[in-house]
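Novice: If you're matching them up, the sequences are chains A and B in order.
For the first sequence, the working numbering begins at 12 and goes up steadily by one.
For the second sequence, the working numbering begins at 4 and goes up steadily by one.
Calculated from the structure, these hints are not laboratory results.
Hints should not be assumed to be uniformly reliable.
[What the hints assert, rightly or not] In silico DSBU-like cross-links for lysine-lysine, where the CA-CA straight-line distance does not exceed 35 angstroms:
id, chain 1, residue 1, chain 2, residue 2
1, B, K48, A, K64
2, A, K64, B, K101
3, B, K45, A, K68
4, B, K45, B, K82
5, A, K22, B, K48
6, B, K101, B, K82
7, A, K64, B, K5
8, B, K5, A, K22
9, B, K45, A, K64
10, B, K48, A, K81
11, B, K5, A, K68
12, A, K68, B, K101
13, B, K101, B, K45
14, B, K82, B, K113
15, B, K48, A, K68
16, B, K101, A, K22
17, B, K5, B, K48
[What the hints assert, rightly or not] Computed footprint of chain A on chain B; a stretch qualifies when at least three of its residues, placed anywhere within it, have a C-beta under 8 angstroms from a C-beta of chain A:
id, region
18, 45 to 57
19, 101 to 109
Heads up, the beta-carbon is just placed ideally off N, CA and C, and yes, glycines get one too.
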Amino acid sequence: DAGITQSPRHKVTETGTPVTLRCHQTENHRYMYWYRQDPGHGLRLIHYSYGVKDTDKGEVSDGYSVSRSKTEDFLLTLESATSSQTSVYFCAISSGGLTLRTSSYEQYFGPGTRLTVT
Amino acid sequence: RKEVEQDPGPFNVPEGATVAFNCTYSNSASQSFFWYRQDCRKEPKLLMSVYSSGNEDGRFTAQLNRASQYISLLIRDSKLSDSATYLCVVSTMEYGNKLVFGAGTILRVKS
Numbered sequence: 012d013a014g015i016t017q018s019p020r021h022k023v024t025e026t027g028t029p030v031t032l033r034c035h036q037t038e039n040h041r042y043m044y045w046y047r048q049d050p051g052h053g054l055r056l057i058h059y060s061y062g063v064k065d066t067d068k069g070e071v072s073d074g075y076s077v078s079r080s081k082t083e084d085f086l087l088t089l090e091s092a093t094s095s096q097t098s099v100y101f102c103a104i105s106s107g108g109l110t111l112r113t114s115s116y117e118q119y120f121g122p123g124t125r126l127t128v129t
Numbered sequence: 004r005k006e007v008e009q010d011p012g013p014f015n016v017p018e019g020a021t022v023a024f025n026c027t028y029s030n031s032a033s034q035s036f037f038w039y040r041q042d043c044r045k046e047p048k049l050l051m052s053v054y055s056s057g058n059e060d061g062r063f064t065a066q067l068n069r070a071s072q073y074i075s076l077l078i079r080d081s082k083l084s085d086s087a088t089y090l091c092v093v094s095t096m097e098y099g100n101k102l103v104f105g106a107g108t109i110l111r112v113k114s
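Kindly produce the complete structure, drawing on both the sequences and the hints.
Specialist: Written out as structure tokens, the structure is:
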């Protein structure tokens, strides 16, 4: 299994409080991603990073910010948590490399963080 | 229209059966294709990449039809341990190789 950890694994917080989720990798991969998974929506990209201090928005970035000060860590912050941000959050990593057969960019996922905003 | 569409199932099959899942995608610029497996309350895990020429990994066979924008996964000799949700996934070069996920197909293999 890819060396990806997420912390915390579970969190309950109140509306309006800031929350930071951490993703840590030991694979030295360039790309890191934050997704959220909700029933009926599948996984959706929040933000991603293509290198240290290089980040960009995904399709559902409103209300979230990220930072990447080291290759191995990618932080997701909910500035002021809302009930609509109750979800399961997955971090993923990718080397963004090429294989002999295809430009295949497999992503590998961390175990997830279950966040409940009350 | 969703970018990646799958039949949600569930597919209920007996052990030893052969089962096939299909998936269609709407973005003709999609570059890479995958099947992921997700167990209940767990992270998605890469099952296999899907290559243009089709590929096989043990009991699993994946096919890609770029002209029809269609991907399939065939599972032979189903095992109880194959019970999971199977996610069809495509990627483009936008959003740093963003993955677009289908909502998943539920497979239940019964003894």
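Novice: Look at each hint and say if it fits the structure.
Specialist: Hints versus structure:
Distance hint between K48(B) and K64(A) is fulfilled; the C-alpha atoms sit about 27 angstroms from each other, no more than 35 angstroms. This hinted pair checks out: K64(A) and K101(B) have alpha carbons roughly 18 angstroms apart, not beyond 35 angstroms. With a C-alpha separation of about 25 angstroms, the suggested pairing of K45(B) with K68(A) holds against the 35 angstroms cut-off. Proposed proximity of K45(B) and K82(B) is supported: the alpha carbons are some 19 angstroms apart, at most 35 angstroms.
The suggested pairing of K22(A) with K48(B) holds, with an alpha-carbon distance near 23 angstroms, which does not exceed 35 angstroms. Only pairs whose Cα atoms come within 35 angstroms are accepted, and K101(B) paired with K82(B) is accepted, the gap being roughly 32 angstroms. A C-alpha spacing of about 32 angstroms is found between K64(A) and K5(B), which places the hinted pair at or below 35 angstroms, so the restraint holds. Between K5(B) and K22(A) the alpha-carbon distance is near 31 angstroms, which keeps this suggested pair within the 35 angstroms criterion.
For the hint pairing K45(B) with K64(A), the CA-to-CA distance comes to about 29 angstroms; that is within 35 angstroms, so the pair holds. About 25 angstroms separates the Cα atoms of K48(B) and K81(A), which keeps this hinted pair within 35 angstroms; it holds. Between K5(B) and K68(A) the CA atoms are separated by roughly 20 angstroms; this keeps the pair inside 35 angstroms, and the hint holds. With a C-alpha separation of about 11 angstroms, the suggested pairing of K68(A) with K101(B) holds against the 35 angstroms cut-off.
Of the pairs offered as hints, the one joining K101(B) and K45(B) holds, with about 21 angstroms between alpha carbons and a cut-off of 35 angstroms not exceeded. The straight-line distance between the Cα atoms of K82(B) and K113(B) is roughly 8 angstroms, inside the 35 angstroms bound, and the hint therefore holds. Among the hinted pairs, K48(B) with K68(A) is consistent with the structure: their alpha-carbon atoms are about 24 angstroms apart, no more than 35 angstroms. For the hint linking K101(B) to K22(A), the alpha-carbon distance of about 27 angstroms falls within 35 angstroms, and the restraint holds.
Distance check on the hinted pair: K5(B) and K48(B) sit about 22 angstroms apart at the alpha-carbon level, within 35 angstroms; holds. Given a C-beta distance limit of less than 8 angstroms, the hint that chain A covers the region 45 to 57 of chain B holds, as 8 residues qualify and 3 suffice. For the region 101 to 109 of chain B, the assignment as covered by chain A holds, since 6 residues bring a beta-carbon within under 8 angstroms of that chain's beta-carbons and 3 suffice.
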